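Based on the sequences and whatever the hints tell you, model everything.
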Amino acid sequence: MDLDWPGCRNVRDVGGLPTGDGRAVREGVLIRADSLQYLTADGVEAVRRSGVSRILDLRGDGEVAIAPTPFTGTALAVRQRLADPADPDHGQPTIIEACTWMLDQRPELFAAAVKAIADEPDGAVVVHCHGGKDRTGMVVALALSVAGVPEEEIVADYYLTQSRLADWLAEQLAEEPDASRHPEMIEFRDTRAESIVAILRHLDDRYGGPEAYLRHGGLTAADLDKLRARLVA
Numbered sequence: 001m002d003l004d005w006p007g008c009r010n011v012r013d014v015g016g017l018p019t020g021d022g023r024a025v026r027e028g029v030l031i032r033a034d035s036l037q038y039l040t041a042d043g044v045e046a047v048r049r050s051g052v053s054r055i056l057d058l059r060g061d062g063e064v065a066i067a068p069t070p071f072t073g074t075a076l077a078v079r080q081r082l083a084d085p086a087d088p089d090h091g092q093p094t095i096i097e098a099c100t101w102m103l104d105q106r107p108e109l110f111a112a113a114v115k116a117i118a119d120e121p122d123g124a125v126v127v128h129c130h131g132g133k134d135r136t137g138m139v140v141a142l143a144l145s146v147a148g149v150p151e152e153e154i155v156a157d158y159y160l161t162q163s164r165l166a167d168w169l170a171e172q173l174a175e176e177p178d179a180s181r182h183p184e185m186i187e188f189r190d191t192r193a194e195s196i197v198a199i200l201r202h203l204d205d206r207y208g209g210p211e212a213y214l215r216h217g218g219l220t221a222a223d224l225d226k227l228r229a230r231l232v233a
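Note that the working numbering numbers the sequence shown so that position 66 is 66, with each residue one more than the last.
Calculated directly from the structure, the hints in this document are not laboratory data. Certain hints may be false.
As the list claims (entries may be wrong) - Taking lysine to aspartate or glutamate and the DMTMM-like style, the derived pairs with C-alpha atoms no more than 20 Å apart in a straight line are:
#, residue 1, residue 2
1, Lys-115, Glu-27
2, Lys-115, Asp-104
3, Lys-226, Glu-211
4, Lys-226, Asp-21
5, Lys-115, Glu-211
6, Lys-226, Glu-108
7, Lys-226, Asp-119
8, Lys-226, Glu-120
9, Lys-226, Glu-27
10, Lys-226, Asp-122
11, Lys-115, Asp-223
12, Lys-115, Asp-225
13, Lys-115, Asp-84
It should be emphasised that the depicted structure is a prediction, and the values quoted were computed from it without experimental measurement.
Here is the structure:
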């Protein structure tokens, strides 16, 4: 369900997604968003009216320093970067390779992000990065997988971001006069369904699936049960 937070282009409640056992993800518990740095004053008020109890900012230190959100440094916001400052740049030629590199490099940080969703007792947890597509998409996909949401539903939710950010991508391409840079920009800024499919296959092949990956990153059976109980009605 799309949410109207003025200033955000890509924000939605994943509540209502079906699970494999005939239930559904609860509404008002998990919201995915692009960076809240663009929120207008009305947007900030919309966040506060949405029953948000925690904002999980997945961006790195440099990103946050350059573009803090209206909630940065408040009790509502929690920083959970997905890379260590000491890590090298990913240096990968495609978005799929970049994302799988991140997952392999820091499973404990991805597990910590998912645990933060599980540990929040009440209200909605907002997960955001910059565009709300790759880092946010992976964390949300991991959480939804544990909740029992079928892969086709996870892929469909991920793919919604493409239409939400299409105008923004077009604006960025129009602002870049060097057309030779456009293919790389499209590679890393477009959102294709096959990207998350390939990322999920990587988790299956290397770790035995999303839940096994999160256990590898340090989550316990109790953590996973708590996440399921929080997300599923």
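A quick look at each hint next to the structure:
Taking the CA atoms of Lys-115 and Glu-27, the gap is near 19 Å; set against the 20 Å cutoff, the hint holds. Among the hinted pairs, Lys-115 with Asp-104 is consistent with the structure: their alpha-carbon atoms are about 18 Å apart, no more than 20 Å. Of the supplied pair hints, the one linking Lys-226 and Glu-211 holds, its CA atoms being roughly 13 Å apart against a limit of 20 Å. Pair hint Lys-226 plus Asp-21 holds up; C-alpha atoms about 17 Å apart against a cutoff of 20 Å.
A hinted pair counts as satisfied when its Cα atoms are at most 20 Å apart, and Lys-115 with Glu-211 qualifies at roughly 12 Å. With a CA separation close to 18 Å, the supplied pair Lys-226 and Glu-108 stays within the 20 Å bound. Taking the CA atoms of Lys-226 and Asp-119, the gap is about 7 Å. The hint holds against a cut of 20 Å. Distance hint between Lys-226 and Glu-120 is fulfilled; the C-alpha atoms sit about 10 Å from each other, no more than 20 Å.
Proposed proximity of Lys-226 and Glu-27 is supported: the alpha carbons are some 17 Å apart, at most 20 Å. For the suggested pair Lys-226 and Asp-122, the alpha carbons sit about 12 Å apart, so the restraint of at most 20 Å is met. Straight-line distance between C-alpha atoms of Lys-115 and Asp-223 comes to about 7 Å, which keeps the hinted pair within the 20 Å bound. Taken as a hint, the Lys-115 and Asp-225 pair is honoured in the structure, with Cα atoms around 11 Å apart against an allowance of 20 Å.
For the hint linking Lys-115 to Asp-84, the alpha-carbon distance of about 18 Å falls within 20 Å, and the restraint holds.
In this structure, every one of the numbered hints holds.
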